[in-house]
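Asks: Protein sequences appear in the order of chains G and H. Note that this note's numbering has the first sequence beginning at 522, numbered continuously upward. Note that this note's numbering has the second sequence beginning at 116, numbered continuously upward.
If you are wondering where the hints come from, they were derived from the structure by calculation, not from laboratory data. On a predicted model such as this, the values are computed, not experimentally measured, just so you know. Treat the hints loosely; a few may be bogus.
Stated by the list, open to error - Simulated restraints on C-beta separations:
hint, chain 1, residue 1, chain 2, residue 2, range
1, H, ARG208, G, TRP625, 46 to 54 Å
2, G, GLU719, H, ARG179, 31 to 39 Å
3, G, SER543, H, GLY187, 19 to 27 Å
4, H, ARG179, G, LEU929, 42 to 50 Å
5, H, GLY187, G, ASP757, 55 to 63 Å
6, H, GLY187, G, ARG570, 18 to 26 Å
7, H, ARG179, G, ASP571, 36 to 44 Å
8, H, GLN181, G, LEU729, 53 to 61 Å
9, H, THR223, G, LEU929, 55 to 63 Å
10, G, ALA612, H, VAL224, 42 to 50 Å
11, H, ARG200, G, ARG605, 23 to 31 Å
What the hints assert, rightly or not - Each computed SDA-like pair below joins lysine to any residue, with the alpha-carbon atoms no more than 20 Å apart:
hint, chain 1, residue 1, chain 2, residue 2
12, G, LYS683, G, SER740
13, H, LYS118, G, ALA579
14, H, LYS191, G, SER543
15, H, LYS191, G, LEU540
Using N, Cα and C, we set each Cβ at its ideal position, and we do this for glycine too.
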Amino acid sequence: MPEQEFELYLSLLGRFLRLKPSQLSEVSDELRDHLEARLEELAARGIPRDEAIRQALAEFGDATELAHHFTQIAKIRRRRVMMRFTLGTVASTAAAILLFTAFWPETPQLRMPERALAQQATGAGRQAVDQKPVVVQPVAGLGKPMNPQRAAVEAKLTQSLKPNSIVFVDTPLEDAVQSLRDILEIDILFDKQHLTEEGIATDSPVTLKVEHTELSVKSVLEVILEPLQLSWALRDGYLLITTKTFAAEQVEVGVYNIRDLLVTGQPFGQNGGFPAAAAQGPQDSGAIGFAQFGVQGHGRMMMPGGAASKAATDEGGKAKDAAGGGGMSGTPGGFIGGAGGGMAGAIFGGGGAGGRVSYVTDSIAELVALTVEPSSWEDGGGPGTVVQYRDRLVVRNTQAVHAKVKELLEMLREAAAHGDPAGQPAVLGAPPTNPAAEPKR
Amino acid sequence: MAKFNPELMRGSLDLMVLSILAAGPKYGYLLQQELHEASRGAVDIQAGTLYPLLHRLESDKLIRCQWDDSTGRRRKWYEINDAGRKRLAVQAREWQEYADCIRTLLATVADAVPRPA
Chain G
522 MPEQEFELYL SLLGRFLRLK PSQLSEVSDE LRDHLEARLE ELAARGIPRD EAIRQALAEF
582 GDATELAHHF TQIAKIRRRR VMMRFTLGTV ASTAAAILLF TAFWPETPQL RMPERALAQQ
642 ATGAGRQAVD QKPVVVQPVA GLGKPMNPQR AAVEAKLTQS LKPNSIVFVD TPLEDAVQSL
702 RDILEIDILF DKQHLTEEGI ATDSPVTLKV EHTELSVKSV LEVILEPLQL SWALRDGYLL
762 ITTKTFAAEQ VEVGVYNIRD LLVTGQPFGQ NGGFPAAAAQ GPQDSGAIGF AQFGVQGHGR
822 MMMPGGAASK AATDEGGKAK DAAGGGGMSG TPGGFIGGAG GGMAGAIFGG GGAGGRVSYV
882 TDSIAELVAL TVEPSSWEDG GGPGTVVQYR DRLVVRNTQA VHAKVKELLE MLREAAAHGD
942 PAGQPAVLGA PPTNPAAEPK R
Chain H
116 MAKFNPELMR GSLDLMVLSI LAAGPKYGYL LQQELHEASR GAVDIQAGTL YPLLHRLESD
176 KLIRCQWDDS TGRRRKWYEI NDAGRKRLAV QAREWQEYAD CIRTLLATVA DAVPRPA
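Here chain G stands alone, though its shape is the one from the complex:
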């Protein structure tokens, strides 16, 4: 006989749990079984039913806390898989780079050989580093850019169209797209399968009249596609028009060079820790490997780069594989195994400080995850991760978020180059010759 109070509790729990419906019903069933068994026992001891129900629920504890713990596990599970993947791809990229630098003397510094150096004449004294993330794939051929076709398509997207050069008035989408194909000379294909699945017809009318400004192709596409719940995705050699939901699921890994954004003058790689990236700020959600951090408010970032590097330097560079943890150990670039220990910490540490509003961090990964589309990262329930690996930022997320990450990094560089209005130079990326530069908090 299902108790109403239990069902209420379980449905409340379900609302907080970010699980697939099948997983959710399993968890509910299991917990319901426990509650009913407990109720039976208490009733057998002579405790009146209402009191017994109340007690059984009280023993269970706070629904939000419980939901949080379950969600943590699901995330750790996903993160482990992604960490392995990311580590694997980063490792192979690093290997590829080493090969390049060994055989091609033109690259004295560690940088992505596939990307031509884009020297922009902006900012005084800051070193321009190409922003574009490299979508990690096996190296095509020595010395050749990785994705020339993709790069070509991407370049077209940033082109601007003169006002009134494109006018659609209730034009069927297919025709509109054909016009774009003709103007841009790129292939634009429809993801027929997903469009049909969601019942979006390719002859749906679109309207676009731009009279006063130059719009970029990207913006034109957004304006046309958005009302139809459609989006676009970059592919090698063509542009794909697909549903928003599908596009949102397309995650890819990109690696950004952030060497110039790390606090200068600090060597990295010593002791396996990264003082440059150590989060001096409050340690958070120590789900990765370190029970001492416990669990603080959720919606916050679990950034291996930050937490791990601080702990790594504390421990003299050895990552402890805490009891019960599977996953990876060692600290290449701050990846930490021992999630088990962290989990134990998280289990007991529940009920720490609530969600934070203000934050201090030296971790760029943490910064990204907090400011760029927070809901797209794992901790916010999304598919993405951002991890700092030495002087690279490895981001796994949708193309749209990648674009925003790029923007943020550019903004950081801008701010670093121009300093703040008070005339003090900002620290990030400040040239080492400036002795007045001090870590700005």
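Following the hints, position chain H against chain G.
Replies: Chain H alone, transformed into the frame defined by chain G:
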């Protein structure tokens, strides 16, 4: 026996749960009860702690689960597997060494204060 401080138990819970499961398949509530009894009330693990732990052990592939509908109520049973047994053995040994170490360090102190009943 007075309940152990949760801080103290942190890190050992896996070990405790695996050791109970080594004796045979259990469902969550039963596991909680047996832990309580086996420790004469000193180990009191809350449902809110136990179930996430079990789920984690399952996702770590140290235990497997099976649903049982025979009693008319859906019940999830957990059973330790080979990897789990191996982990238990390793952790148990490590824990013994740890306990010996602590015992040695605290030899002079422990004698002074009797444990409350």
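Asks: Now tell me, hint by hint, if it's right for this structure.
Replies: Outcome of the hint check:
1. The hinted range of 46 to 54 Å is satisfied by ARG208 (chain H) and TRP625 (chain G), whose Cβ atoms lie roughly 51 Å apart.
2. For GLU719 (chain G) and ARG179 (chain H), the hinted distance range of 31 to 39 Å is satisfied, since their beta carbons lie about 38 Å from each other.
3. The hinted window of 19 to 27 Å between SER543 (chain G) and GLY187 (chain H) holds, with their beta carbons roughly 22 Å apart.
4. Remark: the range hint 42 to 50 Å for ARG179 (chain H) to LEU929 (chain G) is upheld by a beta-carbon distance near 44 Å.
5. At roughly 56 Å, the beta-carbon separation of GLY187 (chain H) and ASP757 (chain G) lies within the given 55 to 63 Å, and the hint holds.
6. For GLY187 (chain H) and ARG570 (chain G), the Cβ-Cβ distance of about 20 Å falls inside the hinted range of 18 to 26 Å, so the restraint holds.
7. A hinted range of 36 to 44 Å holds for the C-beta pair ARG179 (chain H) and ASP571 (chain G), which are about 38 Å apart.
8. With their beta carbons about 58 Å apart, GLN181 (chain H) and LEU729 (chain G) fall inside the hinted range of 53 to 61 Å.
9. Separated by about 57 Å at the C-beta atoms, THR223 (chain H) and LEU929 (chain G) satisfy the suggested range of 55 to 63 Å.
10. A C-beta distance of roughly 48 Å is found between ALA612 (chain G) and VAL224 (chain H), which places it inside the suggested range of 42 to 50 Å.
11. Checked against the hint of 23 to 31 Å, the C-beta distance between ARG200 (chain H) and ARG605 (chain G) comes to roughly 25 Å, which is consistent with it.
12. For a cut-off of 20 Å, the pair hint linking LYS683 (chain G) to SER740 (chain G) stands: about 13 Å separates their Cα positions.
13. The suggested pairing of LYS118 (chain H) with ALA579 (chain G) holds, with an alpha-carbon distance near 18 Å, which does not exceed 20 Å.
14. For the hint pairing LYS191 (chain H) with SER543 (chain G), the CA-to-CA distance comes to about 14 Å; that is within 20 Å, so the pair holds.
15. Restraint check for LYS191 (chain H) and LEU540 (chain G): the C-alpha separation of about 18 Å stays at or below 20 Å, so the hint holds.
Violated hints for the displayed structure: none, as all numbered hints are satisfied.
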